[in-house]
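Enquirer: One-letter residues, chain by chain:
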Amino acid sequence: GQQLNQSPQSMFIQEGEDVSMNCTSSSIFNTWLWYKQDPGEGPVLLIALYKAGELTSNGRLTAQFGITRKDSFLNISASIPSDVGIYFCAGPLTSGTYKYIFGTGTRLKVLA
Amino acid sequence: DTEVTQTPKHLVMGMTNKKSLKCEQHMGHRAMYWYKQKAKKPPELMFVYSYEKLSINESVPSRFSPECPNSSLLNLHLHALQPEDSALYLCASSQGPPPSYEQYFGPGTRLTVT
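The listed protein sequences correspond, in order, to chains A and B. Heads up: the first sequence runs through residues 1 to 112, numbered per my numbering. Heads up: the second sequence runs through residues 1001 to 1114, numbered per my numbering.
No lab work stands behind these hints, which were simulated from the structure alone. Treat the hints with care, since some could be wrong.
[As the list claims (entries may be wrong)] List of simulated lysine-lysine pairs, PhoX-like, C-alpha gap at most 25 Å:
no. : chain 1 : residue 1 : chain 2 : residue 2
1   : B       : K1022     : B       : K1041
2   : B       : K1038     : B       : K1018
3   : B       : K1019     : B       : K1038
4   : A       : K99       : A       : K51
5   : B       : K1053     : B       : K1036
6   : B       : K1036     : B       : K1019
7   : B       : K1009     : B       : K1038
8   : B       : K1036     : B       : K1018
9   : B       : K1009     : B       : K1040
10  : A       : K109      : B       : K1041
11  : B       : K1009     : B       : K1022
12  : A       : K99       : B       : K1038
13  : B       : K1036     : B       : K1009
14  : A       : K70       : B       : K1041
15  : B       : K1041     : B       : K1009
16  : B       : K1022     : B       : K1053
17  : A       : K51       : A       : K70
18  : B       : K1022     : B       : K1040
19  : B       : K1041     : A       : K99
20  : B       : K1036     : A       : K99
21  : A       : K99       : B       : K1040
22  : A       : K70       : A       : K99
23  : B       : K1053     : B       : K1019
24  : B       : K1040     : A       : K109
25  : B       : K1022     : B       : K1038
26  : A       : K99       : B       : K1053
27  : A       : K99       : B       : K1022
28  : B       : K1036     : B       : K1022
29  : B       : K1053     : B       : K1018
30  : A       : K109      : B       : K1038
Using the sequences and the hints, build the whole thing.
Expert: The following block contains the structure:
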């Protein structure tokens, strides 16, 4: 079935470093959502993207809607310990339906 | 305010018990969702209510029974669950359907079936 693949699966970084991760699909998406989830908590929406090529920032986070509409990217600048968590991309499987699917997740660990 | 609340935070139940999970939002959102999330996995869609009507049921076993009493509330009734149903159950809401609307999640209910 349809799947969103995230890369890398996990990463250790030093505090202060920049982080990049991506999400790819075999089919076109019209919306990309990026979430962060802490252990035992619900996902928190970070950034929403609606247009191919769109670049949107939220503080130290910047996300881009790939021009092919089959991928999206999330960058975190100057990482801090509280950036630890799992980052998920998500999108509606079919435009106009409520059926969202989630990516496989990128687990981020920050070394102080 | 983008708050979705869920109760209880934790629930332990036996396989013969009946229990309910509750979800509430006051953002005026017209779509509400139930997801199931196993450890180290992404959330998986279970049900969607749109304008208080069941819009999507992802072939969920009948031991899970959703209910939407009004536009702000969403319940998930549980009966005769199995240990493999232990998971984090997440509620979410959105103003309307994608692609134009963002989806917001509650903190989840950690369910353990013994």
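Enquirer: Could you grab the alpha-carbon distance between K1041 (chain B) and K99 (chain A) and see if it respects the 25 Å cut-off?
Expert: Judged against 25 Å, a Cα distance of about 17 Å means the pair holds.
Enquirer: K1040 (chain B) and K109 (chain A) were given as a pair; does the straight-line alpha-carbon distance stay at or below 25 Å?
Expert: Since the Cα atoms of K1040 (chain B) and K109 (chain A) sit roughly 14 Å apart, the hinted pair holds (cutoff 25 Å).
Enquirer: Please verify whether K1036 (chain B) and K1019 (chain B) have alpha carbons no more than 25 Å apart.
Expert: 16 Å, holds
Enquirer: Does the alpha-carbon distance linking K1036 (chain B) and K1018 (chain B) stay inside the 25 Å limit?
Expert: Holds - the C-alpha atoms of K1018 (chain B) and K1036 (chain B) are around 18 Å apart, at most 25 Å.
Enquirer: With a cut-off of 25 Å on the C-alpha distance, tell me whether K99 (chain A) and K1053 (chain B) pass.
Expert: Since the Cα atoms of K99 (chain A) and K1053 (chain B) sit roughly 15 Å apart, the hinted pair holds (cutoff 25 Å).
Enquirer: Between K1019 (chain B) and K1038 (chain B), does the CA-CA distance stay at or below 25 Å?
Expert: 19 Å, holds
Enquirer: For K1036 (chain B) and K1009 (chain B), compute the direct alpha-carbon distance and say whether it is at most 25 Å.
Expert: 14 Å, holds
Enquirer: Between K99 (chain A) and K51 (chain A), does the CA-CA distance stay at or below 25 Å?
Expert: Cα-Cα ~19 Å, so holds.
Enquirer: Between the alpha carbons of K1038 (chain B) and K1018 (chain B), is the straight-line distance 25 Å or under?
Expert: 21 Å, holds
Enquirer: Going straight from one Cα to the other, do K1009 (chain B) and K1038 (chain B) come out at no more than 25 Å?
Expert: 16 Å, holds
Enquirer: Holds or violated: K70 (chain A) and K99 (chain A), Cα atoms, limit 25 Å.
Expert: 17 Å, holds
Enquirer: Checking one constraint from the list: CA of K1036 (chain B) to CA of K99 (chain A), max 25 Å. Satisfied?
Expert: Cα-Cα ~14 Å, so holds.
Violated hints are absent here; each numbered hint is respected by the structure.
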